[in-house]
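Enquirer: Here is what each chain is made of, one letter per residue.
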Amino acid sequence: SVTTKAKGVTVTNTSTLGFRVWDVADYVIPAQEENSLFIMTNMITTINQTQGLCPELPDKTTVCKSDANCAAGSSGVHSNGIATGRCVLFNGTVKTCEVAAWCPVEDDTHVPDPAFLKAAENFTLLVKNNIWYPKFNFSKRNILPNTTTAYLKSCIYDAVTDPFCPIFRLGKIVQDAGHSFQDMAVEGGIMGIQINWDCNLDRTAALCLPRYSFRRLDTRDVDHNVSPGYNFRFAKYYSDPTGTEHRTLIKAYGIRFDIIVFGKAGKFDIIPTMINIGSGLALLGVATVLCDVIVLYCMKKRFYYREKKYKYVEDYEQGLGGEMDQ
Amino acid sequence: SVTTKAKGVTVTNTSTLGFRVWDVADYVIPAQEENSLFIMTNMITTINQTQGLCPELPDKTTVCKSDANCAAGSSGVHSNGIATGRCVLFNGTVKTCEVAAWCPVEDDTHVPDPAFLKAAENFTLLVKNNIWYPKFNFSKRNILPNTTTAYLKSCIYDAVTDPFCPIFRLGKIVQDAGHSFQDMAVEGGIMGIQINWDCNLDRTAALCLPRYSFRRLDTRDVDHNVSPGYNFRFAKYYSDPTGTEHRTLIKAYGIRFDIIVFGKAGKFDIIPTMINIGSGLALLGVATVLCDVIVLYCMKKRFYYREKKYKYVEDYEQGLGGEMDQ
Amino acid sequence: SVTTKAKGVTVTNTSTLGFRVWDVADYVIPAQEENSLFIMTNMITTINQTQGLCPELPDKTTVCKSDANCAAGSSGVHSNGIATGRCVLFNGTVKTCEVAAWCPVEDDTHVPDPAFLKAAENFTLLVKNNIWYPKFNFSKRNILPNTTTAYLKSCIYDAVTDPFCPIFRLGKIVQDAGHSFQDMAVEGGIMGIQINWDCNLDRTAALCLPRYSFRRLDTRDVDHNVSPGYNFRFAKYYSDPTGTEHRTLIKAYGIRFDIIVFGKAGKFDIIPTMINIGSGLALLGVATVLCDVIVLYCMKKRFYYREKKYKYVEDYEQGLGGEMDQ
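Residue numbers (the working numbering), protein chains in the order written: chain W, 278 to 603; chain C, 278 to 603; chain S, 278 to 603.
What the hints contain is simulated information worked out from the structure, not anything from laboratory work. Cβ coordinates follow ideal geometry from the N, Cα and C atoms, glycine included.
The following label-pair restraints were derived from C-beta to C-beta distances:
no.	chain 1	residue 1	chain 2	residue 2	range
1	S	P440	C	A436	38 to 44 Å
2	S	R488	C	N473	28 to 34 Å
3	S	T426	W	G520	34 to 40 Å
4	W	L486	S	R488	31 to 37 Å
5	W	T322	S	S343	34 to 40 Å
6	S	N368	C	H387	53 to 59 Å
7	S	T426	W	D439	54 to 60 Å
8	W	T338	C	P440	22 to 28 Å
9	S	N368	W	G329	47 to 53 Å
10	C	Y574	W	V566	24 to 30 Å
11	S	T565	W	V570	19 to 25 Å
12	W	L478	C	A436	44 to 50 Å
Covered stretches of chain S (chain W as the covering partner; in silico rule of three or more C-beta atoms under 8 Å from a C-beta of chain W):
no.	region
13	310-322
14	356-366
15	372-383
16	513-519
17	528-539
Please model the complete structure; the sequences and the hints are all you need to start from.
Expert: What follows is the structure, given as structure tokens:
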């Protein structure tokens, strides 16, 4: 079983949102998951959306000259709503088809770069992992017995100096995987935190230690960069005094940390050993056959051997075979 | 690693909710999950619930004649609240036990049919999957190298015409699994999207391609249909100007899409090959034994063979055995 | 595939929250997960937080005499916000550094004990599990064919009397795992519900039945109790009439139930059988060798045997070998 817990606070100051503090409850979505944790690093916020009618974002499909260009009721897979069939002004110059949607529609053409919550690089992630090998009824956790609470409060994982501290700096995780956190933060991605328990249970349990390694799970080959990163949309719903509902739509870019636990517990077992030995011996059988072949067909004195090998039965065949026929 | 992303918008027009547009942020709950995505297709909404006292829904346990029928403080597993012990009017005719609960209590006796968001059939689901075989350090994604962004924007998976497009129409998924989307949408269910990577790494990596298949994971045998479908409850919380909290309770029926990735990467390896050959040879050993058995016990001239086979040692036993005794 | 559903209602009456009813939508977070369900059993609520400036909680790092003690902009990993650099009164006596944060800051020093929602012990959990063995194309669900809806409404799992009822009392689960629910409820934890399908498909499918077992997955050794339990923070966001956002921060302690399905379907298969037999036979080969060794080197009449064994070829070597040399 795996549990994770993030820590860290940062502030942002933007025109739309003003001065804002971000803490765990704000940037971890959803609040808890199994074996996984998503940390929002970048976002496109569309505040105060309400149900209504508004012009679509202008793109090659939505720009229109007249209502004739807008088919009522139609809804492209990538559109934000259902077209009403009217062609209205999007701004002073451009006209686009009107849609019934959460208005104003989201404009996600420009992804903030650098990432909105770039300070997430210094957030920390505590990973608690318990393993259990039912076969050997052996269990252990990645917080080692000699760990003190004080140590746990202060330590930060480092492959060299601190390989058994279960608290990771997000920036460090990405860096150890050979990527740049700031790049990754912009469009999001998925990091794998691999906990490798490689235990030889013939030896003492104290030698059974976790090894951490990090991989980026969403390979992005620069040469062919189709739909990169990781993002999703969610909304916070409010109701104003009049009771009408409005929401803040957030397109969240971020890094999902998947904790992958694998490990094999080794213990000497007789069965497979015997099976392998057996097969091995059988292979020796080939030797006999080879010897015969060499002796009977290759050596110059082969006929003698052949004679010997097949002599007696032949004799009797001839001798007795005759008698019997009488 | 797997990431999913749904797209699609629909409108509904009901008496309780009025005209309403539904987009991704509304019907995907929770906003993100690992290897899984839930899409709400049907719902029972109970708006404006507040903490308070109200009569239970009438059923055989809650209908009452007088307070005597209602045990205060009791709470059936299926009741919506804690009984106050009073018996109050549910409507003009029926009296039920009063409960302390979120009021009004939810009435989920009638599941909307056809499904409330039946248009979800045309929503699309983009599945991004990266595989990695640590053993061979081979990694690949289901968005193939030759895929262009333009193609990705337009394509829809089809087993025949478009087997490598990672965008699926929900209706198509259910249909390919041999079920009806509209039936499934009403009570919900679970669909498995299986991505099968069956790669022979001795051949070129370009031949290592994903194959998609779909299965309904919640078998529902029509003859024995106990607690079918898939649904859960969640609430959106609001606070009105006076600060008192109220909520909208939603019983969400929907389809959960679990993405199941499996695949084996084959590569010729000598060890297991030898083990199998070895065992095979050993089995040949049986042949010898069989021959002997036939020759020594079945053939009519068996005694000669037997004589031959066991002759010499016996001779010596007799001959020399005697000498030695002297 | 696994789906879970919790049921149960309880009431609490505290000074901060007043009289409050808790139902599924309130204590299950998030509303749905794959193979997992979190039930909140204890909580620390900080209501009406708004973005602002407020003094930190007093602890050895935050208590200050003057502004000099507070470095502006600094943010400890465990602090609730970004220090402004001012030293302000926390209460009549203590002064702490001021931070920009969600104010007032959360005070989670005292975990409620007994647990806030201790009544969760009587909540029930319905687990629906469908298995499918692709290899044998055999599928089954843990709601057995003979189960009726009426039975399902009333039954509660019990290892002895009711081993096939898929509805579990939370208290019973923890108890069967050998722990105390009330202890666990305070700081939270993780329970594993193991469903074991051990099917011999050579026999009838009706004998293929699920066995349930329960384990606590977060081992807590009392002697070394570092960061025990399971908790996380989430927030409910509101906006007041003026449009400013405030939230209720909840530090949720609770029990996460992970459903772990494992099982092997056995069916007689010829291939592995032969491989093992083969290896077995090969091992018999050792017998021959041993016999020879004993006969030829250990027994007192060994020379005769040796003579016999190697006689003929030797003869001919001498006899004919000479002829040929001529």
